[in-house]
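Going down the list, the protein sequences come from chains A and B.
Numbering-wise, my numbering puts 157 at position 157 of the first sequence, and it's gapless, one number per residue.
Numbering-wise, my numbering puts 900 at position 137 of the second sequence, and it's gapless, one number per residue.
Derived pair list, reagent style DSSO-like, types lysine-lysine, alpha-carbon separation capped at 27 Å:
(1) A/Lys36 with B/Lys801
(2) A/Lys658 with A/Lys30
(3) B/Lys801 with A/Lys136
(4) B/Lys817 with B/Lys836
(5) A/Lys397 with A/Lys164
(6) A/Lys665 with A/Lys30
(7) A/Lys750 with A/Lys761
(8) A/Lys70 with B/Lys801
(9) A/Lys60 with A/Lys88
Quick list of the computed label-pair ranges, beta carbon to beta carbon:
(10) A/Met319 with B/Pro891: 29 to 39 Å
(11) B/Pro978 with A/Met194: 44 to 54 Å
(12) A/Ala17 with B/His815: 48 to 58 Å
(13) B/Ala1048 with A/Met194: 42 to 52 Å
(14) A/Gly244 with B/Ala1067: 24 to 34 Å
(15) A/Thr163 with B/Asp1049: 53 to 63 Å
(16) A/Asp44 with B/Lys801: 23 to 33 Å
If you're looking for bench data, these hints aren't it; they were derived computationally from the structure.
In this text, a Cβ means the ideal position worked out from N, Cα and C, and glycines have one as well.
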Amino acid sequence: MTVHMKRHGDASDGAEAVGGRLSRVDGPAKITGAAKYAVEQQLDGLAYAVLVESTIAAGKVRSIDTEAAKAAPGVLKVLTPDNIPPLKTASDWFGTPPPDAPYCPLARDITFSGQHVAAVVAESFEQAVAAAALVKVSYDEAPAIVDLSDAKAGDGIPIDAMTKEWGDAATAFAAAPVRICAAYNTPREYQAPMEPHGLIARWQGDQLTVWEPSQWLDGMARTYAEWFGVPFENVRLVSPYIGGGFGSKALALGHGAVAAIAARMLERPVRLVMTRPQTFTGYGGRAATRQTVTIGADAEGKIQSIVHRGVNETSIDGMWVEPLGSVTSIMYQTPNFSSRQNVVRVNSVVPGAMRAPGENPSAFGIESAIDELAYEVGIDPLAIRLRNYAEQDPHAKKAWSTRQLREAYAAGAERFGWSRRSPQPRSMRDGNQLIGWGVAAGTYPVRRAYGEAMVRILADGSVEVESSSIDMGQGTYTILVQTAAETLGVPADNVVVKLGDSRFARAGVAGGSRLAGVMTGAVHKAANAALDELVGLAISDPRSPFHALQANTLVVANGRISSPRGEGPEISIAELLASVGRDRIEAKGDTMPANSTAEERYKNYTTIAMALPHTEGDYSRYSWCAHFIEVRVDEDFGTVRVSRVVSALDSGRLYNPKLAESQWKGGIIMGIGQALLEEGIVDRRHGRIVNNNLADYLVPTNADIPDIEVISVGIPDPHSSVLGGKGVGELAIVGVAPAIANAVFHATGKRIRDLPITLEKLI
Amino acid sequence: MRDFSYLRASSVDAARQASALPGAMLLAGGTTLIDLAKCGVAEPDTIVDITHLKGLDAITVDDQGATIGALAKMSSIADHADIKSRFPAVSEALWQAASAQIRNMATIGGNLMQRTRCPYFRDGENFPACNKRTPGSGCSAIGGVTRGHAVLGTSETCIATYPGDLAVALVAFDALVHLGDRQVAVDDFFLPPGATPEREHAIQPGEVITAISIPASAAARRSTYLKVRDRQSYEFAAASAAVGIEFEADGRTIRDLRVALGGVATKPWRARGVEAALRGKVLEADTVRRASLLAVEGAIDHGANHYKIELAPRVVARAILELGETA
Ligand SMILES: Cc1cc2nc3c(=O)[nH]c(=O)nc-3n(C[C@H](O)[C@H](O)[C@H](O)COP(=O)(O)OP(=O)(O)OC[C@H]3O[C@@H](n4cnc5c(N)ncnc54)[C@H](O)[C@@H]3O)c2cc1C
Ligand code: SF4
Chain A
1 MTVHMKRHGD
11 ASDGAEAVGG
21 RLSRVDGPAK
31 ITGAAKYAVE
41 QQLDGLAYAV
51 LVESTIAAGK
61 VRSIDTEAAK
71 AAPGVLKVLT
81 PDNIPPLKTA
91 SDWFGTPPPD
101 APYCPLARDI
111 TFSGQHVAAV
121 VAESFEQAVA
131 AAALVKVSYD
141 EAPAIVDLSD
151 AKAGDGIPID
161 AMTKEWGDAA
171 TAFAAAPVRI
181 CAAYNTPREY
191 QAPMEPHGLI
201 ARWQGDQLTV
211 WEPSQWLDGM
221 ARTYAEWFGV
231 PFENVRLVSP
241 YIGGGFGSKA
251 LALGHGAVAA
261 IAARMLERPV
271 RLVMTRPQTF
281 TGYGGRAATR
291 QTVTIGADAE
301 GKIQSIVHRG
311 VNETSIDGMW
321 VEPLGSVTSI
331 MYQTPNFSSR
341 QNVVRVNSVV
351 PGAMRAPGEN
361 PSAFGIESAI
371 DELAYEVGID
381 PLAIRLRNYA
391 EQDPHAKKAW
401 STRQLREAYA
411 AGAERFGWSR
421 RSPQPRSMRD
431 GNQLIGWGVA
441 AGTYPVRRAY
451 GEAMVRILAD
461 GSVEVESSSI
471 DMGQGTYTIL
481 VQTAAETLGV
491 PADNVVVKLG
501 DSRFARAGVA
511 GGSRLAGVMT
521 GAVHKAANAA
531 LDELVGLAIS
541 DPRSPFHALQ
551 ANTLVVANGR
561 ISSPRGEGPE
571 ISIAELLASV
581 GRDRIEAKGD
591 TMPANSTAEE
601 RYKNYTTIAM
611 ALPHTEGDYS
621 RYSWCAHFIE
631 VRVDEDFGTV
641 RVSRVVSALD
651 SGRLYNPKLA
661 ESQWKGGIIM
671 GIGQALLEEG
681 IVDRRHGRIV
691 NNNLADYLVP
701 TNADIPDIEV
711 ISVGIPDPHS
721 SVLGGKGVGE
731 LAIVGVAPAI
741 ANAVFHATGK
751 RIRDLPITLE
761 KLI
Chain B
764 MRDFSYLRAS
774 SVDAARQASA
784 LPGAMLLAGG
794 TTLIDLAKCG
804 VAEPDTIVDI
814 THLKGLDAIT
824 VDDQGATIGA
834 LAKMSSIADH
844 ADIKSRFPAV
854 SEALWQAASA
864 QIRNMATIGG
874 NLMQRTRCPY
884 FRDGENFPAC
894 NKRTPGSGCS
904 AIGGVTRGHA
914 VLGTSETCIA
924 TYPGDLAVAL
934 VAFDALVHLG
944 DRQVAVDDFF
954 LPPGATPERE
964 HAIQPGEVIT
974 AISIPASAAA
984 RRSTYLKVRD
994 RQSYEFAAAS
1004 AAVGIEFEAD
1014 GRTIRDLRVA
1024 LGGVATKPWR
1034 ARGVEAALRG
1044 KVLEADTVRR
1054 ASLLAVEGAI
1064 DHGANHYKIE
1074 LAPRVVARAI
1084 LELGETA
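Construct the complete structure from the given sequences, taking the supplied hints into account.
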C-alpha cells in the first residue's frame, strides 16, 4: 500500500488560509523522529562537559581538588574559576550597558545550592560524569536564607516601579460595610520542559556556532558575543526545534558560557547537557510569592477599595520581580486602589520567567479574593464579577482595544451549565465525592514588537520563508506557512518555512505571547512586497505574456496568475518567472518605522527595550478568559480531581484555531498542575530542593486531565496586531488555579490559600 | 568511568554463583537498578543479567493458589485472567503501580526488591548522611523533608517508606518468596530497619528469587487494592490498603479478613489488629471505621507525614466497606 502524505498534513478545504485549521507542519518530522534537536548534531571531535555543582547554599569555595578527576580516563580538562579566562559581563535583556566587570560562570562565592563551581570535559559523556564525581570541593559554609518564611529573610526591598495607587484605598476600606482580607501563597514552580537545557558550542577562529534550544536566537547570540568580546555577526545560534521552554530558554545562561569556554580552550566542539536534577538549580523557575488582598465593598458587593501587598523571592545577587499587582489593578472597577510589592533575597538561583510571569500568581490572589467576597456578600461568584466589570482599564484609564470577557463569562457559563449550581458549599455530592464548581477569570497583556522576515518565490513557483524566530511547539512554522500562502495566493503545500538559525532574518524573543502577532505581520509584509514585485514583473516586463494586456493589476490564486476579468492567459508562477528570465523573487520586509536606524533595528531584535507598551496610544490591550471548573474532592482522603473544564477565551482573531485551542488546553493543563501538584520542596537545613526529578516533582498525567472544552469568543483586534490576533500562549494558564481553589471551597467549605492543594490540606 | 563486568547467566545456578561474588547484582527489568546506578547509589562491579533465563516467567494458577515466576512482567501478571478473578488485589496493586512503560519492563522479582524513594537516600552527593546507604552515617531525613516518610515500623536510624504496591497485597494473603529451595513468608522477607536499615530483605548473597506463590483463599478471591495519592497515576502511595474478606454464610458476618498497608510503613505492613477486631463481627460502617483506627497503632510521625496517620485508617475503612458492598 502506498500512502500519499501531503507534506503539510491534512490541509483540507479552507485549512490553508490564515484562520484555517491546518495541522502542525512540523508534526510528521517530530512523530517519526526525523526532527533533529539542537544537541543531537553529530560533529567530529565532539567532547563532553559535565557540571559540578555546589552542595552548600551559602559560603565560599575554599579549594577545589581536581587531581583525581584530571587523572581519570578520557579527561581533557577540568575547569575551575582559577583556570578559565574571564568573560565580560553582558548587558541585560533591556540592553542596559553592563558594568565593566569580568563575568565568571563558575562561582567562588556560593549563593545557592546547585551553583556551578567546576566542570569536567572528557572524550565521552560517561567519562566526564565519572570524573566529575572525583572533583573534591571544600567550602566555608555560611548560614543561608532558605525561603520567604525564613526568619532571616526580612521584609525585603520595596520595588517602587510596581506601586499602583489611585483614590484613597485605606480610608475607603475602613469605611466599607463588607470587608475581606486574606493572604495567598504560591510556591516555587519549575518549567520542567521535556527537553533539558544544553548546547553544543564550536569555535572556528573567532566565529562561534552554538546549537542550543532557544526562545530567542538573536538575544542569546548578543549575550555570547558580549561575553567573548566578538562581533554579534560572529555568533551563530541554531535551534530548529525546542522541546518545551515555557520561559526558561529565552536567555543565554551560565552553563552555555561554560561550554563555550571549554570549546575555546580545547579547540574542539563541546556538548553540555544538564541532568534533570540540574535543571532545578541551573536556572530559575517561578519565584515563590506571598500576597495579601483586602477588599472593601458595599452591601451589594460593589467594590469600594482594593489594597494589595505582594512579595516575591529573588536571589542573593540577582533581581527578579514577579509583578503581583498586574491583574489586581485591572480586572475590576474600583474607585480606590493601592498595590505595592517587595522582593526578598533568599539563597536560591535567580528565579525566571514561567508561563505568564506576574499575571499567573496575581490572578491567584485577586480571583480567589473576589470569590471570598461573593460568599461574604452572599451573591453568586459569577454575578459579583459582572457587578464589578471594568468597562475601561481602571489603572491606565483608557478604553480596552477589545475586551470580550463578558462574552466569555456568558459563553462559558452556558456551556458549563453554571445556572444549575447550588450556591451553598458542600451541597453537591456523589457518594464520597464532594462536588464543587468554581469560576475565575484570567488576562494577559498584548505584548508587541517589530518583526522581520524574508520571503522568496523560487523558480518552480514554491515559496520559502526565513526567520530566526523559533517554534517550541506553539505553531510558528504552521501559521507562517498559512500567512505566506494566503498573502501570495499559493497552496500551503508549496510553502516551506525555515526557522531557528540566527543567520536568517532577525527576530525578537518568543516570549510574552508576542511571536505570532509579530511574525504574521512581518511575513505578511514581506510576502506582499514579493507579490508586488511578481505582479509588477508580469505587467511590465516585455517578455511577460501579460505585458500586452496593459492591466494595472493581476490576480494570483492557487499558485497561478491571471487577469482580474479573465482575459489573457492563466499561467503558473513558475511559468511567469521562466518567461521573464528570473530564478527567484526575494523580499525582506520588516514592520519597523521606515526611518529606523541600524542601531534601533539591532536593539529591536536583541533586546526587549523596543517592545511597544500595551497601553500605548488610546487603548489598553489585553487577552481575556473565563474558566469554569468542576472538581471532585474525596471527603475522606482529601484528594482533588478536576472532572470538567469549560473555558471561554478572547485572544482576538485566531490565525489557526486548531493550534490556538491546543495552546489554551496546554495552559489549562499546566494550571491544573499548578493548582494541585507542583511545588519545589526545600530542605530547610540545606537550602536545597529535594524533589528535583520528574518522579517527585509532580506534573499532571493524562489520568489527571478531563475533557477540556475551549471556546473562542475573540474578535479581530486591529489595535493589537497587523492581522488582528492577541496573545494565546500564556493567557489560558491565568485563572485556572483560583478557579480550582474556588471550586474546592464550593465542594468542601475549606478555603485553600496555599498552592498546591494537596490532600493533607483537606483532610 | 566506572567499569563493571556484564555477565549473562546461563542458568539459575550460574546466576546464584555469579551473584555470590562481592559487588555482584542481578539485573532483571533494570527499572530500579539502572536508575539507582545513575544516581550513584548502586555501584555494582558485576551485573548478572537474568532476563533471558527460560521458564522463570511462568504464571500458573490452580485451586491451591498461584505460582508466579520471578521474571514475569508486572503487566502480564496484572492482566492474567486467573489472577484477576482469584486475586483481584494483586492485579489491582500492579495496575496502579508505576507507569505502563515500567510495568512492561519490570519483573516481579525486581519489584519486591525495589528500594525506597527517600530523596536523601538517592542523593549521596548532597546528603552524605544516610544509614541505609552508608551504615552509621546518620539519617538526613529525620529533621528534613518527611512528607513521604513512614509512620509505622520506623527506628531511630531510618524512617524510609517501603514504596511498592504489589508486596502489600502479597503480605495480606500470606504469599511465599521462593529462593530456590528455600521459601520465606513475604512478611518475614521484608525486614524492619531496626539498627540495620541497610539490610532490607531476608535474602543472602548468592540467593535468587525464583518465584512467588500465593495460597488460594476465599479472602483473596474477594479482595481489592485501594491506593490514594495526589496524582491520579504514576505516583507512589500516600497510603494504600490491600484488603480481602470472607463472609460467613449469612453474607454479613466476617469470617476472615486480611488487611495490609502500603505507603505508610518501612515494610509492607500487615494490620493484624484490624483483622482481629473485625473477625466475627457483622460488617457495619461504624464498627469498621473504629476498628480501622487500629491500623496505625503505635504510629509515630515526623511532622510533614502526620497526615498519613489520619489517612491510612480511612483508606482501610473505605476498602473494607466497598468490598462488603460488592456482594
Ligand atoms: C518513576 C518510577 C515510578 C514507580 N512507581 C511505582 C509504584 O507506584 N508502585 C510500585 O510498586 N513500584 C513503582 N516503581 C518501581 C518499579 O515497580 C520497580 O522499579 C520494578 O518493579 C523493578 O523491577 P525490575 O525487574 O525492573 O528490577 P531491576 O531494576 O532489574 O532490579 C531491582 C533489584 O532487584 C534485584 N533483583 C532483580 N531480580 C531479582 C531476583 N530474581 N532475585 C533477587 N534479586 C533480584 C536486582 O539486583 C536489583 O537490586 C516505580 C519505578 C519508577 C522508576
Ligand atoms: S530515612 Fe533511611 S533512607 Fe532516608 S536518609 Fe534516613 S536512613 Fe537514609
